[in-house]
Amino acid sequence: MLNYSESEMMAIAAGRLIKDGDIVFAGTGVSILAATVAKRIYAPRAVVFFETGGIDPSLDEIPMTVADLRVMSGTALNSGLIEAFSTIAHRKLRTVAFLGAAQIDRYGNLNTTCIGDYHKPQKRFSGSGGGNDVASLASGVISFMQHEKRRFVEKLDYLTSVGWYRGGGSRRELGLKRGGALAVVTNLALLRFHDQTKEMYLAEYFPGVSPEQVRENTGFELDVSGAKEAVPPTAEELAILREEVDPQGLICQPPQ
Amino acid sequence: MKSCSEIADRLMSLDQAVDQFIFDGCQLALGGFTVTRNPMAIVYAIIRKGVKDLHLVAHSNGQALDILVGAGCVKRLEIAYGGNGRYAPTCIRFGRAVEEGAIEFEDYSNYQMALRFLAGSLSIPFIPTKTGLGSDLMERDGFSPEVRREEKVASRKYARIDNPFSGEKDEVALLPALNPDVALVHAQYVGEDGTVRIKGLTFADLEQAKAADKVIVTCEEIVPRSFIRQDPDQNSLASFFVDAYVKVPYGAHPTACFNFYDYDPKHLNLYRGAAEDDSRFKDYLEQWVFGVSSHEAYLEKVGTEMLLKIKASPGVGYAPGLDRR
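As they're listed, the protein sequences go chains A and B.
Residues 1 to 256 (the working numbering) are what the first sequence spells out, left to right.
Residues 1 to 325 (the working numbering) are what the second sequence spells out, left to right.
No wet-lab data here; the hints were simulated from the structure.
No experiment lies behind these values; they were computed from the predicted model shown.
Just so you know, not all the hints are guaranteed correct.
Derived DEER-like restraints, expressed as beta-carbon distance ranges [claimed, not checked]:
no., chain 1, residue 1, chain 2, residue 2, range
1, A, G116, B, V147, 15 to 23 Å
2, A, E229, B, N269, 20 to 28 Å
3, A, H194, B, G50, 51 to 59 Å
The following residues of chain A were derived to be distant from chain B, with all beta-carbon distances above 10 Å [to be verified]:
no., residue
4, S7
5, G21
6, Y42
7, T52
8, D60
9, A67
10, S79
11, R94
12, Y118
13, G131
14, D133
15, R151
16, L176
17, P207
18, E221
19, A230
Backbone N, C-alpha and C define an ideal beta-carbon position, used for all residues, glycine too.
Let the sequences and hints guide you as you build the complete structure.
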């Protein structure tokens, strides 16, 4: 069996969710690896773009922020924020966004603002940034999370970005015409959302992880009845990730 | 310089620009985004002057915002994101100021802040958006009712309206326009005719500049009129929007400036380490802001070796192979 790290499994599991031709909105960290792996293996016609306005950068080096010079280098075109959001929101495009968060609830709503009281938080985070916009406007959102009980919560301390809101048809009733949470990729598993109720369920647990372990690390009731084991990273996926996408190991360290 | 006659009366030093346009309590929009094209040189000059009670209006501001907050220059903040990417996922002094209740703050999103500047630039009082709906951005107010009554603060955070054209329930959020007192922009080029050229992504700098009452542009280079007029499609902002120009090479350091230099990872890490501790942060300000008399002296302290390391390669616009850990 191949040796790989948690973050490598996450990048590859997320990359496999990208469809050819998708317009992929990448953030930083593992999401940029996922997008780049996807483009090089499963979805060559996918286009990676950034909320800051760079479309299809060459990504010879990994960007460290969404405003890194590397997101504006070798692009099809560069623009400003407003044009970037007209891409994300575009009715003709299938735009898939990667987002991270401090907390997530069963409907895929995200908190990137604070823990504790909003006005006097125990811990303040960066805030929405483009997260709320993307979650409101894109065709779908894939979230990256560390799988911990304190992060998978019954109730968010602050709802920064809307997923399926309160489940069922409630997102559409808000006036959000499309989009919603597609999947959540964690260090333990891939989770998806039920078609009707829009509640999160365990779709795939990563090799070496049990469904019970995923459940124990989730702060709300999780349906694990249909879960199966994920396919581990292949030699090709790992080679591309390590040798082409992140050779400096800036984001994903191979196992020691 | 004879060839600069068109902008001679607006060409000045950092200190002159700060003295003339930045005042205690002014509402300020910072250009750039996280670790790119922050107007650092003029921000250092603002801190050195001891400006107080700034009201910052920001989308994703990073380094400039954090040091202004940390230096105690900021009273009030409307913001979408305070972070420096991998160098500080949450800007440290910003995070701490919120946790300690030391600043008044209001959360919006990036697109919303960009739209608010756009509305301000178009002289319209508000602008609709499909973002924010259902989120706590719309449910939770940061500013108190007292703050909401103050000058330059909108009377409410959002309003909502159903599409008035369809008669159907189809809600949008309405955002109040912004017209900051001053916008700061750091650009790569200013022509002798005053035309501004930003290379790489422009973020919301142009909307901010056009929305503001006064605009200060700092730049890497002042270039001949013939150069800037040869390829007008590349230009970003017309001369008549700008009130002051300051030539400051490396004026965005330690943040990046496309085609000129990369961010300085060593300095950003140094800053992060300092920002985590009150007394180390005080030392940092003492050493890097108050202890240097000018931006030239600051660059001397950064050192030629580092400035060469971060120098952008013309083909790609950044510094390939830079050690960015």
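Q: Of all the hints given earlier, name the ones this structure violates by number, lowest first.
A: Violated hints (numbers, rising): 2, 7, 8, 9, 10, 12, 13, 14, 16; every other hint is consistent with the structure.
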